[in-house]
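Just need the whole structure built from these sequences, with the hints factored in.
The listed protein sequences derive, respectively, from chains P and D. When the letters of the first sequence are read in order and numbered with full-length UniProt numbering, they come out as residues 1 to 486. When the letters of the second sequence are read in order and numbered with full-length UniProt numbering, they come out as residues 1 to 486.
Hints may be right or wrong, so weigh each one.
Given that identical chains are not distinguished, each listed pair holds provided it fits within a single copy or across any two copies.
Stated by the list, open to error - Dumping the calculated SDA-like pairs for lysine to any residue here, alpha-carbon to alpha-carbon at most 20 Å:
| id | residue 1 | residue 2 |
| --- | --- | --- |
| 1 | K486 | E175 |
| 2 | K486 | E208 |
| 3 | K238 | L182 |
| 4 | K238 | S178 |
| 5 | K238 | E422 |
| 6 | K486 | L429 |
| 7 | K289 | D427 |
| 8 | K486 | E402 |
It should be emphasised that the hints constitute simulated quantities derived from the structure, not laboratory data.
2 protein chains.
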Amino acid sequence: MADSTLPSDGDDRSFGDRPLELTRTEKEEMVRETEARVLDHLDRLPDGPASNVDGAHERADELREPLPEESMPYDELLDTLFEDAIVHSITNSHPGYMAYTAGGGLFHAALADFIADATNRYVGTWFAAPALVAIETNVVEWFCEMMGYPDGSFGLLTSGGSMANLIATITARRERLSEDFLDGVIYTSDQSHHSVTKAAVLAGFPSENIRSIPTGDEFRIDVDALESAVEADRAAGKEPFLVVGNAGTTNTGAVDDLDALADLCERESLWLHADGAYGGFFALTETGKTQLAGLDRCDSITVDPHKGLFLPYGTGALLMRDGGALARAHAVEADYIPDWDPDSGTVDFSQLGPELSRDFRGLRVWLPLKLHGVDPFRAALAEKMELAERATDCLRDLEPVEIVAEPQLSTLAFRVEPSGVEGDALDELNERVLEEVNARGRVHLSGTTLDGRFAVRICVLSFRVHRENVADCLEDIEAAVSEVTK
Amino acid sequence: MADSTLPSDGDDRSFGDRPLELTRTEKEEMVRETEARVLDHLDRLPDGPASNVDGAHERADELREPLPEESMPYDELLDTLFEDAIVHSITNSHPGYMAYTAGGGLFHAALADFIADATNRYVGTWFAAPALVAIETNVVEWFCEMMGYPDGSFGLLTSGGSMANLIATITARRERLSEDFLDGVIYTSDQSHHSVTKAAVLAGFPSENIRSIPTGDEFRIDVDALESAVEADRAAGKEPFLVVGNAGTTNTGAVDDLDALADLCERESLWLHADGAYGGFFALTETGKTQLAGLDRCDSITVDPHKGLFLPYGTGALLMRDGGALARAHAVEADYIPDWDPDSGTVDFSQLGPELSRDFRGLRVWLPLKLHGVDPFRAALAEKMELAERATDCLRDLEPVEIVAEPQLSTLAFRVEPSGVEGDALDELNERVLEEVNARGRVHLSGTTLDGRFAVRICVLSFRVHRENVADCLEDIEAAVSEVTK
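Right, here's the structure in full:
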């Protein structure tokens, strides 16, 4: 067969250039430039501000542009990124970052993704890359082990906790309800992450079937109130089927009484999902294990390696006590994909969740855990818990600070409550405390609403946050309190 | 306030070590080693096999291990990866890879993820990193422009096409149906990707409400049959609401008559979603634009930058003609997240989809498009279409090959049909053709089932696949055909 009809290099000049295929020299040069910028950026991190969003809106507007028809030199793109775009943001990777819930971003993961992207194998099906799928399988099994799950448990990696909560909700729906599921009722607490409600709505449940159960003094779900709600719903002809417990809330790190929830769910035949996006990995520590007692009895658990294992954003996980549930809930066959037998000892992650093609997330977890072993992670998590505990002790001694939420894991919340200041004025005062602390730029905190009133949170989680950063934080809080109450 | 209760470096030795915080020297050394392995791997790619899974199952088994308690040197981990795990797989990044639907994996994306991971900013909300969110916003707007979408369109980046199809299905459900949606009916063709059915099931639709409409000669949906099905469903009291058209099927690259579908959907007030995971970006080319006529009339489009823009796995996108639909379908408020006004000119991606925390996907698209401009992408896509066209011409001349699917974009399917061979024997013969071709190791193809019979596919898509690789492919097919028909 002649291939004379194929375009050749000679007679088809438009295909002669191959600019997307960088030469080795080009690649080396780009790595060199990128590495220098990244490492300089990381070196400067501790001395730079924990947040730098002044003028960021304007810079963002300047960056909006139509589809580029022209090429631009790589170093100019790096200028844009490192001198302009990246630095004008909230510095989630900063050692003073104790806002929201951030792991910091281990450098190892950057190397792992560099490898995964450049080599670009496909890990959604076992047959395409068995050894790489085995690496990701290991990671999932390690997570199950960390949670105290038994043999037969399994799970999958996701982009983050919200996606894990969505997949958990859909899986519970498919396992426990018929296709006519609109009477199904889901129970969360008033402290649950909004992704739980969002997941329920996206999974198809009417919003009126999502119950927000009140919490008690320590922001833990009121199990008696939950039980009453379940009874009332059953009496009304509804189908209670899913309870979402908190293994560390975003607001205050509160851990629901998971054993009591597991008892109730066993009695009532309800699926118990634990949202451990923030808190799950504290199960690696002795104190955390005590706080999280009952976690291993939950039917499913969301954990976020990009929180509790300090990875950069982009890696969550959903774990299932009965690993087979995911395959049952998601399996669909297709002509162009070889059949998969769930009992074969192989794993087709694409048949365990909604994603087919996606990034190789396992490597970014595997690499740091293999390089260091699990001990440094365990020690770092214990350090964060202890720092939160001691920071609380210090704040307790500071007038007129009230601790609104004691740390159950590594998050606490407080409020400045000078006598005579109440209502909206109290909110404004505490918002000013937060602003004053953040304006100093050494640390970055965030606020939330607790019992209807604004409170300031400290979440000690990033692997970069140590004793000296918490000391800075306390110093800046003291100064801010003094400023707003003078 | 004394911070004497805080652990100090001196009195709390367990927190003295900080192994997770690599020194600059450690980081430099790790980058150096990683770079060398990756670049050597890429250099060897063209001369290595397009697939190398012999013994891969055993290697995978050897890699399964319990949670690592010990540390391991980085170079040994790289040995495991580069000498064992990565190379024993199907080489999706190989210039001879024309199986399934793979973009190859631009090296640029590895640098982008390296930057994104190491700097670890949060791009789910505008206020956290305005300029980085602007970069991702640009990317989404560029995609809308590429599809011919008008002002007011918008979208979001996903992990891949399956997730985009799921979000599209949920959004259409929320836009077009009430919370009592179980009578809603979804129409796909018998050539649609299985993720469409999976998305419908996960989004809560009873499986009996998912219609697989037959396709005609060129594997395009039979629009008359679709219209009849819609009428029949309405007559039966069902609620037709969503049609999923194909803008390039996975099987053969078939493009449904999107204009006819748009006409029908307008008349019947149905949401029209186009699955352009494989085909969408061919709209960048003149020929592709003609093939995809009507794409800009679809209510939503799935595209996969990790296919048509040659990125490594992990980047899909969902585009909406009415950009506001995503916010309406997904917005949920939370105490700890500042409110977002969709009309503010800012973008909170976390309020447009199911994900809150996730990776910064925009950078891996932005970097190569800014570096090269869009032209090399346009030229590469035109090259792929032309190569598929000419390969088909060559195969047509090869006895006893029958072209089962002419390339509408850059995918074709063929079958070897010696006279007298029919039924299962014909399937076996063509499976042997596929095995023989792949066994030679220069190219990698995949098979599928068309009209109930096995067929061999060629999908010319990776940026690394050029004239010489297609010539290799044709040579190996000729040899395989000669072998199995002798």
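How the hints compare with the structure:
Within a single copy, K486 and E175 get their C-alpha atoms no closer than 59 Å, and across copies no closer than 53 Å, so neither meets the 20 Å cut-off. With identical chains, the CA atoms of K486 and E208 are never at most 20 Å apart, being 47 Å at best within one copy and 69 Å at best between copies. With identical chains, the CA atoms of K238 and L182 are at most 20 Å apart both within one copy (9 Å) and between copies (17 Å). For the identical chains of this complex, K238 and S178 are neighbours both inside a copy (13 Å) and across copies (19 Å), given an alpha-carbon limit of 20 Å.
Taking CA atoms no more than 20 Å apart as the test, K238 paired with E422 passes in neither setting, with 42 Å inside one copy and 56 Å between copies. Taking the shortest Cα distances, K486 and L429 sit within 20 Å of each other inside one copy (12 Å), while across copies they are farther apart (88 Å). For the identical chains of this complex, K289 and D427 are neighbours neither inside a copy (35 Å) nor across copies (56 Å), given an alpha-carbon limit of 20 Å. Taking the shortest Cα distances, K486 and E402 sit within 20 Å of each other inside one copy (17 Å), while across copies they are farther apart (88 Å).
Comparing the model with each earlier hint shows violations of hints 1, 2, 5 and 7; every other hint is respected.
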